[in-house]
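In order, the protein sequence lines correspond to chains X and U. Reminder that position 145 of the first sequence reads as 145 in the numbering used here, one-by-one numbering, no gaps. Reminder that position 409 of the second sequence reads as 409 in the numbering used here, one-by-one numbering, no gaps.
Watch out, some of these pointers could steer you wrong.
With a cut-off of at most 20 Å between alpha-carbon atoms, the simulated DMTMM-like pairs for lysine to aspartate or glutamate come out as follows [to be verified]: (1) U/K334 - X/D192; (2) U/K291 - X/D222; (3) X/K178 - U/E353; (4) X/K204 - X/D222; (5) X/K204 - X/D192; (6) X/K178 - U/E318.
Honestly, the hints are just simulated from the structure, not real lab data.
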Amino acid sequence: MRILIVEDDLEAAEAMDRGLSEAGNACVRAADGEEGLTAARDGEFDVMIVDRMMPKMNGVQLVETLRREGDQTPVLFLSALGEVNDRVAGLQAGGDDYLVKPYAFAELIARVAALARRRETGSVQTLLKVGELEMDLIGRTVHRQGKEIDLQPREFQLLEFMMRHAGQSVTRTMLLEKVWEYHFDPQTNVIDVHISRLRSKIDKGFDRPMLQTVRGAGYRLDA
Amino acid sequence: MRLPRIFRTTPFRLTLLFLALFLSAASALLAYIYVATAGEASRRTDEEIRREMHSLVAAYDRAGVSAVNQSLIERAASERPFLYLLMNKDQKRISGSIEESPVEKFNGDPTWTTFQVTDVDAAGRTVKHPARGLQQRLSMGQVLFVGADVGEDEAYVAQVVRALWGAGALTVVLGLCCGLLMSRNVTRSMTGLTEVVEAVRNGDLGARAHVRGARDEFDELAAGINEMLDRLERSMAGHRHAGDAIAHDLRSPLTRLRARLEVAYLDVEAGKGDPTQALAQALEDTDGVLKTFAAVLSIARLQAAGAAPDPVLFDPSELAASISELYEPLCEDKGIDFAAELADGLQARGNREFLAQALANILDNAVKYTPAGGAIMLRVRRRSSGEIEFSVTDTGPGVPDGDRERVVERFVRLENSRNQPGAGLGLSLVAAVAEAHGGRLELAEGPGKVGEMGPGLRVALMLPRA
Chain X
1 MRILIVEDDL
11 EAAEAMDRGL
21 SEAGNACVRA
31 ADGEEGLTAA
41 RDGEFDVMIV
51 DRMMPKMNGV
61 QLVETLRREG
71 DQTPVLFLSA
81 LGEVNDRVAG
91 LQAGGDDYLV
101 KPYAFAELIA
111 RVAALARRRE
121 TGSVQTLLKV
131 GELEMDLIGR
141 TVHRQGKEID
151 LQPREFQLLE
161 FMMRHAGQSV
171 TRTMLLEKVW
181 EYHFDPQTNV
191 IDVHISRLRS
201 KIDKGFDRPM
211 LQTVRGAGYR
221 LDA
Chain U
1 MRLPRIFRTT
11 PFRLTLLFLA
21 LFLSAASALL
31 AYIYVATAGE
41 ASRRTDEEIR
51 REMHSLVAAY
61 DRAGVSAVNQ
71 SLIERAASER
81 PFLYLLMNKD
91 QKRISGSIEE
101 SPVEKFNGDP
111 TWTTFQVTDV
121 DAAGRTVKHP
131 ARGLQQRLSM
141 GQVLFVGADV
151 GEDEAYVAQV
161 VRALWGAGAL
171 TVVLGLCCGL
181 LMSRNVTRSM
191 TGLTEVVEAV
201 RNGDLGARAH
211 VRGARDEFDE
221 LAAGINEMLD
231 RLERSMAGHR
241 HAGDAIAHDL
251 RSPLTRLRAR
261 LEVAYLDVEA
271 GKGDPTQALA
281 QALEDTDGVL
291 KTFAAVLSIA
301 RLQAAGAAPD
311 PVLFDPSELA
321 ASISELYEPL
331 CEDKGIDFAA
341 ELADGLQARG
351 NREFLAQALA
361 NILDNAVKYT
371 PAGGAIMLRV
381 RRRSSGEIEF
391 SVTDTGPGVP
401 DGDRERVVER
411 FVRLENSRNQ
421 PGAGLGLSLV
431 AAVAEAHGGR
441 LELAEGPGKV
451 GEMGPGLRVA
461 LMLPRA
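So here's chain X without its partners, still in its complex pose (with noise of 0.2 Å):
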């Protein structure tokens, strides 16, 4: 994936290149907001990553001038506000996720997949298939090897998030913003509950486990 990093924190911006880079993408930098306009006019990107509050041109002007020049690349918004009218505001400029520093990197290498990966399925699905897991969207019902598997509407809801990021990490975090709508952190373990619950459904009596706990990240699934 390509990806333009605009952030004026250039020992921030050094460390995301460096883990994006090792985690297979090509990163281009950009200090500033003008800087970054220039570089995202001229590129091809996968997913843009810009930091709300830098000099010249602030994260929110340069997403809204791209917006309106009709460029549609995904962009994941990075700021030290972390109120809910501020990530209102980043998301009605265009952006297509927010995430508040500090961040662990997990989270942020899940969310830029999730973004890049959101641009490919752009036609309205009827049907997911992740290997043996079929999700039928309309009829609301699970089959893995033919088997029927019954849900729960939010477990549901957890699946089809994960089928739809299949074979990417996705955070706790992440499934609490996109599944549950919360934007808080709750400080015991209720994701992992939902999680082992879904995982007894789909993987239990099945040779293979296809939910998978992916150490300092969350969870993934594999085909």
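Fit chain U to the supplied structure of chain X, relying on the hints for placement.
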């Protein structure tokens, strides 16, 4: 050019204002007194002259010039003699007590004039007296002048004027005194307030203005300043407390983190051991610190804003259902019986995100402290007062009566719960959320002791009626 400071002070201006007020009132009064006394005296003299003229004219009309002459001679002996002068058609003296008419231009119409009359006093000195007279033409063409010495009147008027000047001076003095007194009063009140402001500016937040009990504007101002300072002091104390608490709760994990990193560094430097374990631990410590930090920040923001941001109307039971859906599996895993009793058709107003977090924190606590085999009950209802109440009752060890207040305070964790994870900020945040919504947080005993279980804790978050 700038005036010296004294001239720019409010007391000085007040004094001037008082003086001006006194002076204008006194001037009006004195002017009236002058007109009523001095003016009246000169009107009376004019009237007497007119009457004398009238009687002489009457005598003339009856018996001619000789009768007038006769009258003049008779009257020369009277106590307060008028001044007379009878003249022929060419205004040549015929008879009278003065030699020539003081009227300079006489066209035949009755004419008033003011002049000086020369007299000789008891000591033989020649003195001049002010006098006034009327001259008019008689029917046969002669001219008659009647005047009067107004020296006595003038003396009286002069006396009145002197008295008035005295009164004026007295007024000025009185006005000044009054003004000074009043402004001294104002100054004293202001000085008290200024001193308080000065003290606060120099860092003494304990300074308070003296309320004299006069219930005037100064007392109101003083009371207002005191209330403002009370609030400021409380808020500062809160911040200081928060600062201490942050220092306390962040310092220990940061110290641990630093030590871990240092040990790992030394180990690597000495070429022994694998630092992976230490680094993983350090990362975990960092996450703990960041969580505490985020909670403190949320509390601080809520308290600083004083109100819940972006409030919306929502169904509290629906919110509770969504949160219990998140926690139910956790309870089941721990062997805790979870039940929810959610009333229908309720409406509340607030920030959903913060309230969801508050409920999650309450449930977090309940799950954390309730042992396997226990029970947790989540209830949403409307109280008779109209308040919306979210309550979570557990069968854990509960909180002793005397400690319930303390539990809500920031960072407080009871001694025996030190081994449980959590930054101790859970209920503080709930309290901050409740307060920001104009609601409150109430801690009470749970269902009571049952065997090993209990007595439990009941945490209730009340929102005001929507």
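Going down the list of hints, with the structure as the test:
1. U/K334 - X/D192: 13 Å, holds
2. U/K291 - X/D222: Given pair U/K291, X/D222 is violated - Cα atoms ~31 Å apart, limit 20 Å.
3. X/K178 - U/E353: Holds. X/K178 to U/E353 sits at ~14 Å (cutoff 20 Å).
4. X/K204 - X/D222: Given that 20 Å is the threshold and the Cα spacing comes to 15 Å, the pair holds.
5. X/K204 - X/D192: 17 Å, holds
6. X/K178 - U/E318: The hint holds at about 19 Å.
Comparing the model with each numbered hint stated earlier shows that hint 2 is the single one that does not hold.
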